[in-house]
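Enquirer: As you go down the protein sequences, you meet chains A and B in turn.
Counted from 1, the first sequence has number 38 at position 38 by our numbering; the numbering is strictly sequential.
In our numbering, each residue's number is its place in the second sequence (first place is 1) plus 1000.
For the record, the hints were derived by calculation from the structure and aren't laboratory data.
For glycine and all other residues, C-beta sits at the position ideal for the given N, C-alpha and C.
It is possible that part of the hints are untrue.
[What the hints assert, rightly or not] With beta-carbon atoms standing in for the labels, derived distance ranges:
1) THR156/A - GLU1220/B: 37 to 45 Å
2) ALA1012/B - PRO65/A: 39 to 47 Å
3) ASP1130/B - PRO65/A: 43 to 51 Å
4) ASP1091/B - ALA221/A: 22 to 30 Å
5) ASP1130/B - GLU244/A: 25 to 33 Å
6) PRO1068/B - PRO65/A: 42 to 50 Å
7) THR1049/B - SER67/A: 48 to 56 Å
8) THR1164/B - GLU186/A: 49 to 57 Å
9) ARG19/A - ASP1091/B: 44 to 52 Å
[To be verified] Straight-line alpha carbon distances no greater than 27 Å define the calculated DSS-like cross-link-like pairs of lysine-lysine that follow:
10) LYS48/A - LYS1259/B
11) LYS48/A - LYS193/A
12) LYS201/A - LYS48/A
13) LYS193/A - LYS74/A
14) LYS108/A - LYS74/A
15) LYS1018/B - LYS74/A
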Amino acid sequence: MRIVVLTKPVPDPASGGERLGADGTLDRANSPAVVNGNDEYVLERALKLIEAAGEGEVILLSMAPASAPETMRKALAMGATRGVLVTDPAIAGSCTVATTRILAAALKTIEFDLAFAGVDTSDGGAGVVAPGIAALAGLPFLSYAATIDPDPAARTVRVQRITATGYDVLEAPMPALISGTQALGEPRYPSLKGIMAARNKEITTVTLADLGIDPATVGLAGATTRVVGSEPPPPRGATRVVREAPDEAADQIVALLAERRLI
Amino acid sequence: MAGIWVHGELTADGSLAKLSTEVATLARALASEGGDGAVTGVVVGADPTAAATELAGYVTSVIAVTEPATADHAAGTIVAERLAALIDEHDPDVILLGAGPEGRDLAGALSALTGRGVLANAVAVRGGDDGPVATHSVFGGTLVTESALTAGRGIVTVRPNTVTAEPAAQPGSVEAATVDSPLAQPQVPIVDHIAAESAAASIDDARIIVAGGRGVGGPEGFALVNDLAEALGGAVGATRAAVDSGWIPYSQQIGQTGKIVKPQLYLALGISGAIQHKVGMQTASTIIAVNRDPDAPIADFADMIVIGDLVEVGAALLARLRARTG
């Protein structure tokens, strides 16, 4: 079985150093990149499935600046087999429509049984690229997965989709695209052996020309949306610190709730 | 602004999602800014009538599309196809929808099918010179950005609790529509439903959330969190540490890989306020924390922090809340 995992390098959410450049795109020099959190959960599931099957490969697919192999190596160190990196100077500043088109075109160049993506990313968090890729590629789309269980013999996959009241159990033929959540399970840490092995794993670079996409239709120039302003969030008011005994403290909480008409 | 549409999302029982009433209210405000205030709603479902009638209370007119396939198939792609066909026919400028799981799946497919851009997770939307301008909180709340649609045309997804839902002065009309062209996209059948173990109130659009973290200490501790939520008429939330420990289901997790919420009140018990949790709740209107550690990061962004034992403070608070409601 071959599983493609879409992974996005995102600015490390713990760094807090994100800011935008003059053109409204991320100033990546100030933002150390990590693998997007939700992508690590689907990657873990893909690795487990391939390990259990005893055969197959996990192929990473990213669209990112040329510096991305560094982040991709971290995912390869977890155990992925190889990587495909779509990179092209013209891609910088692409909106979700262009990103979706590019990744759908790249996915079509890979032979796979299942494709996984995180439900959203920690940077913009739109959560629209995976369903868009499925629509463009004509793939069955199974989203918000808490479990992913393929049946290779029947060429089908079952997913428990998280809903407001529990789970919908979805079933689709392969190939299919699945977006997954943290409920899939804790991702592993790369072992030292994995880190060493990742150095020699293959990362194939793909350009827009390889995908037959006109550079003028993507990037900042072809964007369907534009950033018109950015600033730090307004500061919150001062914090009132209450050190009184529990009864007095509870009275103060009740007073604040009443003052703000919350009770 | 002309040609504003809003998608009315169906809940499991066929009623209109609360989020859609908020989005419709926002759409009306947007349409009134330099326009005639007209808003068209669209509901697609196996039995769209009830939700369409509800949505008509908020907008000028509603198109109710009967689509039997959504009864037992994942709805996002199917609704997107039907909506895309209507958009092709009527050519509205802007389509607003909720930024919950259903709205995101729909927005992604709709964007791909129509080529229209998406302003995602808006926490406010205003009318600009050239179409809507949306405000977003990005990079985990590190930045607040404003963005616009090229030529003012596209899709906007709106977060819960962005506005308070208010019905229109005059209810709108409902027009039934049947689209019987075959669906081109693969349909994914729902083969079973599994009810959640606990019927916990949804945190997505809760006005009040009482949340517990590692400091709660165990599932027994969450009984107090539950009691406080019930006394306040709110929902129960949790940090990833509490979810990972198995004290509460993932559906209640708030933060980077959980949900992002914007309640009026966030009462945080035994939550340190690490960045991964902060990104999910920092836009709450009022944040009150109870924590033993005066140096916990949450002290930097809470409105009030009570330094003390959460069981003692929580019990005292619970007694007072129960006494008030008698």
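Enquirer: Confirm or reject each hint.
Expert: Verification of the hints:
The hint said 37 to 45 Å for the Cβ distance between THR156/A and GLU1220/B, and at roughly 42 Å that hint holds. The hinted range of 39 to 47 Å is satisfied by ALA1012/B and PRO65/A, whose Cβ atoms lie roughly 42 Å apart. The hinted range of 43 to 51 Å is not satisfied by ASP1130/B and PRO65/A, whose Cβ atoms lie roughly 30 Å apart. Between ASP1091/B and ALA221/A, the C-beta spacing of about 24 Å keeps the proposed range 22 to 30 Å intact.
A hinted range of 25 to 33 Å is violated for the C-beta pair ASP1130/B and GLU244/A, which are about 54 Å apart. Taking 42 to 50 Å as the suggested C-beta distance range, the pair PRO1068/B and PRO65/A conforms, at roughly 46 Å. The given range of 48 to 56 Å is respected by THR1049/B and SER67/A, whose C-beta atoms sit roughly 54 Å from each other. Between THR1164/B and GLU186/A the Cβ separation comes to about 39 Å, which falls outside the hinted range of 49 to 57 Å.
Judged by the Cβ atoms, the range 44 to 52 Å given for ARG19/A and ASP1091/B is violated: they are separated by roughly 38 Å. A C-alpha spacing of about 26 Å is found between LYS48/A and LYS1259/B, which places the hinted pair at or below 27 Å, so the restraint holds. Taken as a hint, the LYS48/A and LYS193/A pair is honoured in the structure, with Cα atoms around 17 Å apart against an allowance of 27 Å. At roughly 19 Å between alpha-carbon atoms, LYS201/A and LYS48/A fall within 27 Å of each other, so this suggested pair holds.
Distance hint between LYS193/A and LYS74/A is fulfilled; the C-alpha atoms sit about 12 Å from each other, no more than 27 Å. Annotation: proposed proximity of LYS108/A to LYS74/A holds, straight-line Cα distance about 25 Å (limit 27 Å). Distance check on the hinted pair: LYS1018/B and LYS74/A sit about 41 Å apart at the alpha-carbon level, beyond 27 Å; violated.
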